[in-house]
Amino acid sequence: MSPVVRRALRQARTRSGLALAVVLGAVALFAPALTPYDPVEHLDPRDGALLGPSVAHPFGTDDFSRDMFSRIVFGARVSLTIAVVSVLIAISAGTAVGSIAGLAGGAVDAVLMRVVDALLAVPRIFLVLLVVALWDRVEVVTLILILGLTSWFATSRVVRAEVLSVREREYIGAARALGLGRMRLFFRHVLPNIAAPIVVSATLGVGHMILVEAGLSYLGVGVRPPTPSWGNIIRQGQEWILPGAWWISLFPGIAIVITVVAFSLIGDGLRDALDPRAR
Amino acid sequence: MARTIALRLLQGVVVVYVVVTLTYVTLQLAPGDPFRRTMDQQRVSLEDRARWLAERGLDDPIPVQYGRYLLGLARGDLGRSFVDSRPVRDILLEAIPNTLLLAVAALIVDFTVGIGIGVVQGTRPGSRRDDALSIVTLTLYSMPVFWLGIILVMFVALPIDWIPTGGARDPILFGRQSLLDVVIDRLRHLLLPGLTLGLVGAASTARYQRAALLDALHQDYVRAARARGLRERAVVLRHALRTSLLPVIALFGMSLPLLLSGAVLVEQVFGWHGMGWVAVDAIAKRDYQVVTGAAILAAVMVVVGNLVADLLTQIADPRTREAS
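If you read the sequences in order, they're chains A and B.
Position one of the first sequence corresponds to residue 1 (this note's numbering), numbered consecutively onward.
Position one of the second sequence corresponds to residue 1001 (this note's numbering), numbered consecutively onward.
Worth flagging that the hints you see were computed from the coordinates, not collected in a lab.
As the structure is a computational prediction, the values presented were derived from the model and not from experiment.
C-beta: ideal position from N, C-alpha, C; glycine also.
Mixed in with the good hints, there may be bad ones.
Simulated restraints on C-beta separations [unchecked claim]:
#1 A:F30 with B:G1166: 38 to 48 angstroms
#2 B:R1233 with A:Q11: 27 to 37 angstroms
#3 A:D44 with B:A1284: 24 to 34 angstroms
Hey, can you work out the whole structure from these sequences and the hints?
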C-alpha cells in the first residue's frame, strides 16, 4: 500500500467514508436480493398508491403504487454506475489531454489550454444541457458518455501542471538519456508519479458526478423513468408534496447526501494525506 | 495596472470566442436540420421546407453561416427561437433580471454565512464547535441544491402561509400595489430560492475561509501582533481576517459557474423564470437556439465575474499590483 493511502487511512473520517462507500457499493451490487418488490412493478394501483412509510413499505409507495424502498435501492445501482463509469471516462480523457499538453508544450499546449479555459467558463449544467439537447432521447449509455466527456477539463489542468513539474526531474532526464521511447517514458516514469492527484480528483469526482446526474434527472433530461434514479424520483415526488406525500422526494435525497459525503470523506482524506499543508 | 486589466480583458474575449465557436460546432453536430427539429410532426412540402431554410439563411455554406453568426453575436444578436421566431436576445433579456436577483441574494447568504462559519471554525481549530460545524458544512456541501429547495418548501413554505412555494412575484396583485408592497412581495418570493442557493454555496465558502484564516494565523505578522500584546480578538479581526479575506474574493470568481448551475436547478424548483428556467424549457421544446444563447450568456457572466474578482483582488491587495 502506498504511504499516501496508509496516511489517509490513519484518519477516522477516511475510514468511515470508505466504510460507507463499501456498504453503498454492496447495496448497489446486491439490489435484487435486498429488495422485497420489483422496482418498476405497479403493485396495487387501486389501494396501494401513495401509502406513507410502514413496515411493509419502509419508504412508502408512489402514485403508481411502486415500493419506494425497492426503487431507491435499485436507484443506488443506477446512480452509482453512472457516476463511477463517467468519472473513469472523464479521468482518462483529462489525463490524456493534460499529459499531451504538458509533454508537447508550445502551440499544442496553448490551444488545448485555451479550449479548456473556455469549457470551464460554461457552467456545467448549461454545458450538459447543450449536449443533451442533441439527442431526442438520452439512454443511460449516452448519458454516461455525455457526463464523462463534459467533466475532464479541471482534471486536465491538474494533470498538465503535474506533468510539467515531473518532466523536469532528473530521473526523467536519466530515463531519456537511456534512450527510452516516449510512450514507455510516459507510462513507466511520468504516469506513476502523477497518479496520486489523479486518484484524489477521481474520488471527489464521483461525489460531484452523483450530484450532476441527480440534477439532470431532476430536470428531466437525465435518466428516464421508469428506470429509477435518485434524481428522477425526487422530480416525481415534487408534485405530490402539496397533497401530503412527503416521503417520495425525502428519502432519495438522503441517499444522495450519504453517498456524496462518503466520497468527499475519502477524497478529502486522500488529499490531506497527499499534501499535509492543505489541512 | 491598466496593462493587467487590458490583458485580462483580452483573455476574456478569447475565452468567449472559443465558447461561441464550440457551441456553433455543437449546433452543426445536431442530427438533422433545425427544420426537422421544429416541424417534425407536421406534413410540409419540400418547397416549404426549402423556403423556410432560405428565409433563415440556413442553406448557405457553413463558413458563411458561421461568419454571419459571429457578426450577429458581436452586435448582441443571438438568433431567433426555432419555436416562435422571437429574437433569443429578447427572451433572455426578460429572464436575466430574475437570475441576477437570485444570484445576488444567494451570494449575500453565501458569503455572510460562509465567512461567518469559517471564522468561527478557524479561530478554534480542533474544538468541538469546529468539528460540529465541519459536519454541517460537509453535509450541506454534499446536498443536491434542488432537494434542499424542496425540503424548505415542505417544512417552511407549506406551514407558513406568508412564504410562497414558488414564482417570482404575486401573479394577481403585482403591479397594482404601492412600491413598498411590490418590494416586500418580491423579497417574500426571493427568500427561499436565495436561501437554498446561498446555503449550498456557503458550505464551500466556509471550508475555504477556515483554511485561509488558519493559514493567516500562522504568519509572522500575526505572531508579531501577538508579541506586541494585542488582544486575541484584535489579532484575529484586524490582522488575520483581513488577509484571509483575499483568497475568498478570488473564490467569488471561481464559484460563479457552480452558482449559475445551481441557479438552473433552484429556478426549476421554485418556478423562478430566470435564464436556467428558460434554458430547460427550451430543451423540452427542442429550441436549440435558445439553449445555445443561454449557455453563451452564462459563460459571458462567468468571464465578467472573474474579471471583477480579479480587479477586486488587485485593489484589495497591493502585493498583486506589484507582481503583475
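Run through the hints listed earlier and report the numbers of any the structure violates, in increasing order. none
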